[in-house]
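Visitor: Please arrange chain B on chain A, whose structure you already have, making use of the hints.
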Amino acid sequence: MSDTAVASHPLVDGAVGPGCKKVDPIVVADGVTRQFGGLKAVDVEHVEIPRGQITALIGPNGAGKTTFFNLLTGFDKPNTGSWSFEGRSLARVPAFKVARAGMVRTFQLTKSLGRLTVLQNMLLGATKQGGENFFTAIVKPLWAKREDEITKRAEDLLTRFKLDAKKDDYAASLSGGQRKLLEMARALMSEPTLVMLDEPMAGVNPALTQSLLGHIRGLKEEGMSVLFVEHDMHMVRHISDWVIVMAEGRIVAEGPPETVMTDQAVIDAYLGAHHDEDLGEMEVELDLPTVEEAEAAAEKKHEQQEGNH
Amino acid sequence: MDWGTILGNAISQIASPTTAAYALAAIGISVHFGYTGLLNFGQAGFMAIGAYAFAIATLGFGWPVWAALLMVILASVVFAFILGLPTLRLRADYLAIVTIAAAEIVRYVVSTTGLTPVTGGASGLSGFSGGFYALNPIPEGTYGFGPFTYTADGWWVRIVGWTLVAIATVLVWLLMRSPWGRVVKGIREDEDAVRSLGKNVYSYKMQSLVLGGVLGGLAGFVFILPRAVQPGNYGTALTFFIYTLLLLGGAATVFGPIVGAMIFWVVLSLSNGIIVGLVESGIVSFLTPDQAGQIRFIIVGVALMLLVIFRPQGIFGNKKELSFSV
Numbered sequence: 001m002s003d004t005a006v007a008s009h010p011l012v013d014g015a016v017g018p019g020c021k022k023v024d025p026i027v028v029a030d031g032v033t034r035q036f037g038g039l040k041a042v043d044v045e046h047v048e049i050p051r052g053q054i055t056a057l058i059g060p061n062g063a064g065k066t067t068f069f070n071l072l073t074g075f076d077k078p079n080t081g082s083w084s085f086e087g088r089s090l091a092r093v094p095a096f097k098v099a100r101a102g103m104v105r106t107f108q109l110t111k112s113l114g115r116l117t118v119l120q121n122m123l124l125g126a127t128k129q130g131g132e133n134f135f136t137a138i139v140k141p142l143w144a145k146r147e148d149e150i151t152k153r154a155e156d157l158l159t160r161f162k163l164d165a166k167k168d169d170y171a172a173s174l175s176g177g178q179r180k181l182l183e184m185a186r187a188l189m190s191e192p193t194l195v196m197l198d199e200p201m202a203g204v205n206p207a208l209t210q211s212l213l214g215h216i217r218g219l220k221e222e223g224m225s226v227l228f229v230e231h232d233m234h235m236v237r238h239i240s241d242w243v244i245v246m247a248e249g250r251i252v253a254e255g256p257p258e259t260v261m262t263d264q265a266v267i268d269a270y271l272g273a274h275h276d277e278d279l280g281e282m283e284v285e286l287d288l289p290t291v292e293e294a295e296a297a298a299e300k301k302h303e304q305q306e307g308n309h
Numbered sequence: 310m311d312w313g314t315i316l317g318n319a320i321s322q323i324a325s326p327t328t329a330a331y332a333l334a335a336i337g338i339s340v341h342f343g344y345t346g347l348l349n350f351g352q353a354g355f356m357a358i359g360a361y362a363f364a365i366a367t368l369g370f371g372w373p374v375w376a377a378l379l380m381v382i383l384a385s386v387v388f389a390f391i392l393g394l395p396t397l398r399l400r401a402d403y404l405a406i407v408t409i410a411a412a413e414i415v416r417y418v419v420s421t422t423g424l425t426p427v428t429g430g431a432s433g434l435s436g437f438s439g440g441f442y443a444l445n446p447i448p449e450g451t452y453g454f455g456p457f458t459y460t461a462d463g464w465w466v467r468i469v470g471w472t473l474v475a476i477a478t479v480l481v482w483l484l485m486r487s488p489w490g491r492v493v494k495g496i497r498e499d500e501d502a503v504r505s506l507g508k509n510v511y512s513y514k515m516q517s518l519v520l521g522g523v524l525g526g527l528a529g530f531v532f533i534l535p536r537a538v539q540p541g542n543y544g545t546a547l548t549f550f551i552y553t554l555l556l557l558g559g560a561a562t563v564f565g566p567i568v569g570a571m572i573f574w575v576v577l578s579l580s581n582g583i584i585v586g587l588v589e590s591g592i593v594s595f596l597t598p599d600q601a602g603q604i605r606f607i608i609v610g611v612a613l614m615l616l617v618i619f620r621p622q623g624i625f626g627n628k629k630e631l632s633f634s635v
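Line order of the protein sequences matches chains A and B.
Residue numbering for the first sequence is 1 to 309, as defined by the working numbering.
Residue numbering for the second sequence is 310 to 635, as defined by the working numbering.
Derived by calculation from the structure, the hints in this document are not laboratory data.
Beta carbons are placed, not taken as given, at the ideal position from N, Cα and C, and that holds for glycine.
No incorrect hints appear here.
Derived list of chain A stretches under chain B, where covered just means 3 residues or more per stretch with a C-beta under 8 Å from a C-beta of chain B:
| # | region |
| --- | --- |
| 1 | 91 to 101 |
| 2 | 107 to 116 |
Straight-line alpha carbon distances no greater than 30 Å define the calculated BS3-like cross-link-like pairs of lysine-lysine that follow:
| # | chain 1 | residue 1 | chain 2 | residue 2 |
| --- | --- | --- | --- | --- |
| 3 | B | Lys628 | A | Lys166 |
| 4 | A | Lys97 | A | Lys77 |
| 5 | B | Lys628 | A | Lys162 |
Bound-form chain A, shown alone (with noise of 0.2 Å):
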């Protein structure tokens, strides 16, 4: 199915290719489908996702990335198919266990928390806290000190996040793109093992996309793993170790994200919707196209891209 250039890869234990075996995996999934009606929105055999690495989810619109992430997380339950995080099986286990469980996701659309302010935010993150007990909560002494442990955590990752100056203000005042680091701040407090980026570019202004990606490979440097699902390639291309593409529900193509981007299942996959289309006149290209560019002239015709392989 796929022709990825690179047969071998340090994080891959055998060939390069969809569904292909890691060294050492955070999550296996296995046979996870998510039927809509008669649409399969989701058809993964078999995917791992590689520890202590930014693994991308990419592929075009409407191609499940978003239905298996909410499936993973436990946001949506599958019709079929198991997976475990860190060994431990996590099919059909709610979504705040695998919150705890250590695997946090942020969201497409920010979740932040509009009438509470920034701190509360971040403090509803935390773990721990015996002062979520509906009884302990009456009592404040019981609570009191780790209380304060987890306001100092949450103010030093606002401190990090640049968003100190406004702890204390409703988090609805924040702009788009603050929420979008608000957001990913509040996932840190709990320590987790795996965090789950929904598209966390959308909607985030460029001059605030250089410090999330510095967010995001800080959190690979403290040792976190990644997963996250982007429509942004120059994101994938410049944070991501890892790259898995689907399409139609199923993984079609992975690797690093140098050559994964000129894989041809990648390329029909991205320009599939455009087959139809009155084709216009375009230069033979020298260098191989990839999706960015393919997604950039979309109107590309079909043969002069197989002319260049």
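Guide: Okay, now just chain B, sitting in the frame of chain A:
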């Protein structure tokens, strides 16, 4: 027109046991709607459950007051579970529909003739508060000043009613400043976000529903102390009066429900006194006394509309919170 009596009656509403009952029920709604975002339109149902639980435990089972009060709490908890178990996993508006229907079901069930030996049917129950007034430590007599002059029993029911309001206020304040309150307020804003942070949203919503429901049940108990239990009192109008006074005072505020209840009853009594007075003295001739009794509710309705248009945050609410379209 006797302005002294009209004003005196209105002022005395501030401390009346009915006001305390409304305040208590409003604190429950504040927990549900104001803090957790649960649209409970069946608070009248919780009040009916509390009222009937107390009356039936006393009259039917001959239980002492403390046991009957436990029965009130237990019945409210059970009712909250019955409402919450099937609906709290669904979207917020489903709970609204289920609660409004459940409250009506309660009202119809207790007024059926088949249950007359237990619930008294349409005429309700009375004569259950003897045990409660027997606990009154205040010696016989009349105490107080001006409009706040009551008999020993009048003081007793007010003391108990307002003590319950005070306890509920302190409890809710303690809870809402705690991490528990933070989770619950987070659920109001976006339950998926809270779920993604590892909190069992369903369980928190249930806890909130039970807490507010128990406060509603206790409100039902306070409500019936100065009167009989009558099914007609527990219609949907009761729930909406409670919402009115909660919005008046400010949802999700500490003193909003209490001050809202006081203002609601003072205004209701004052407008009634003035209109009836005007009709009786012949100044207003186009209204019958019956109509005069109704028109005050029209005034309340208009006042509520003006309130939500010009001061949507209520008296104690934070304007800033509402300036965001969340």
